[in-house]
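Counted the way our numbering counts, the first sequence spans residues 1 to 505.
No lab work stands behind these hints, which were simulated from the structure alone.
Hints are supplied without guarantee of correctness; some may be wrong.
What the hints assert, rightly or not - Okay, the calculated beta carbon distance ranges per label pair: (1) P111 <-> E326: 42 to 50 Å; (2) Y276 <-> D174: 38 to 46 Å; (3) E288 <-> N422: 23 to 31 Å.
The C-beta atom is built at its ideal place from N, Cα and C for all residues, glycine as well.
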Amino acid sequence: MSQVRVRFAPSPTGPLHIGGVRTALYNYLFAKKNNGVFILRIEDTDQSRFVEGAEDYIIESLNWCGIKIDEGIREGGKHEPYRQSARKLIYKKYAEMLIDRGHAYYAFDTPEELEELRSAAEKEGRTFIYNAGTREGLRNSLSLPDVEWNAMLDRGDPYVIRYKMPSDDEIHFDDLIRGHIVVNTRTLDDKVLFKSDGMPTYHLAHIVDDHLMEITHVIRGEEWLPSLPLHILMYRSFGWEAPLFAHLPLLLKPDGKGKLSKRDGDRIGFPVFPLYWPYGETAKGYREEGYYPEAFVNMLALLGWNPGTEQEIFTMDELIESFTLERVGKSGSRFDPEKAKWFNHYYLQKRSNNQLTLEFRDLLRSKGYHHDIVQLEKLVAMVKERVSFVKEIWDQTDFFFKAPETYDGDAIRKRIKDDTLNKLEELGTYLESSEDILADSFERHVKDWIEEREYKTGDILNALRLVIVGSLRGPHLFDIIAWIGKEETLKRIKRGIAVIGDLKK
RNA sequence: GGUCCAUUCGUCUAGUGGUUAGGACGUCAGGUUUUCAUCCUGGUAACAGGGGUUCGAUUCCCCUAUGGACUACCA
């Protein structure tokens, strides 16, 4: 068999949705698994929907995910150009080839006329279909006398080229994921292949390009399944060998019904896009929310595909090794933000403390804190295992950098009894005179101190935590004290006693 | 409405003509912890419904229901 060649062919109409990223990923995995080529083709035949910045966004997204493009608009390749608008001149002759062979025809009906027919049909509860059943009564080169439509063409009347769908044929075809499918052409329409603005539609352009670019496997979203019979028929009309097709199930929203949309991200609070989209109506991205690309890719790969084993953690290389189209599911997957978070937690734990500290330091700088890297690494080591994102390190350590401004009311009620503050004051005095407050042995000394007085460990230490942290949370108390130092510790104890004392009155 | 596609724990899914229907996330409980979290252990929870075929169906077939996609001179 010839070399596997697949393409990812998005339209630059806005930010790339995670469903699109998954399609790109599956194409990439399939290509690499089979020592094949991954091509990025930009399908910008609808100029009215073109969005500035979308093309760069698509490329940057793939790049962030670690999906490498073999042939594309920037990489070039043996089938340049890879942008359909730049291939404009190619398509017309193929449309005409189809007309010559009797598989397509010119149509002169205006959009308004067709719209009228559609709404009229709808009122009667029918669906208007432009095909063998209706085309004789419409204005086209099949129904009009030759002299007439030739004159219209010569005159420069606007026209489209439509595919001549057979009137009553059963089309049999196979999908790598869905299996065998049969459709009768009676229910299909004469799709426009070439628009009056001189541009091809998707149907024509992608088939011509896939053929010219020697694409062997078309892996795309399920939304294309209904038009697959048309595409199969077109390959036959051209006399070309069709590639193999695989239609991927859709990504569904986490709650409720329907497919995932941009709105869901805003509503439920998780990104629907890989990267931040800065234009117009902005949108959140996984990258900016703190996800690692390894986690994002791992999560996405398992949404609709599984290896058939119980392995869940995959590097890109492992995905390539394990991926097969046979193991892609048939039904839509509901996206689960919790699982995505879990993946990130896993990959964050795998990072070295040093690397994580560097990442945390950048975040800290943006908040105006500048600390020694060695000092920060101690902090990172303390809280690493409890966070899923770098930004959560801050949530877990803010009290290291600044004394608490308020104290948790529930904790005060529960942990500060009548004589607790007095004991805390006693402890403060002890700490003040103590030389070894930052030493490893300090913890034992404090516990001995508590024991000698026959106080309860829990009472004292929880109260101490409360005045140092502001609430009952955080890493090991003695680690916190060692990090912030003796002076700061005493300050916080004094202030805590004063403020909580006032509250208690 | 029409055409096509789909349907296993709440979610992602494995699976077989005879299984205690497996795993992961979540959730719940217990343990660890001076706190919170992490972590560990354990539990909860599913074959959409109805007909067939069969000695036996979650598995094969049909119907229904539900969900989804498409139904543009958009992709």
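Going down the list of hints, with the structure as the test:
1. P111 <-> E326: 42 to 50 Å: holds, 43 Å
2. Y276 <-> D174: 38 to 46 Å: Given a distance of about 41 Å, which is inside 38 to 46 Å, the answer is holds.
3. E288 <-> N422: 23 to 31 Å: violated, 50 Å
Violation of the numbered hints given earlier is confined to hint 3; every other hint is satisfied by the structure.
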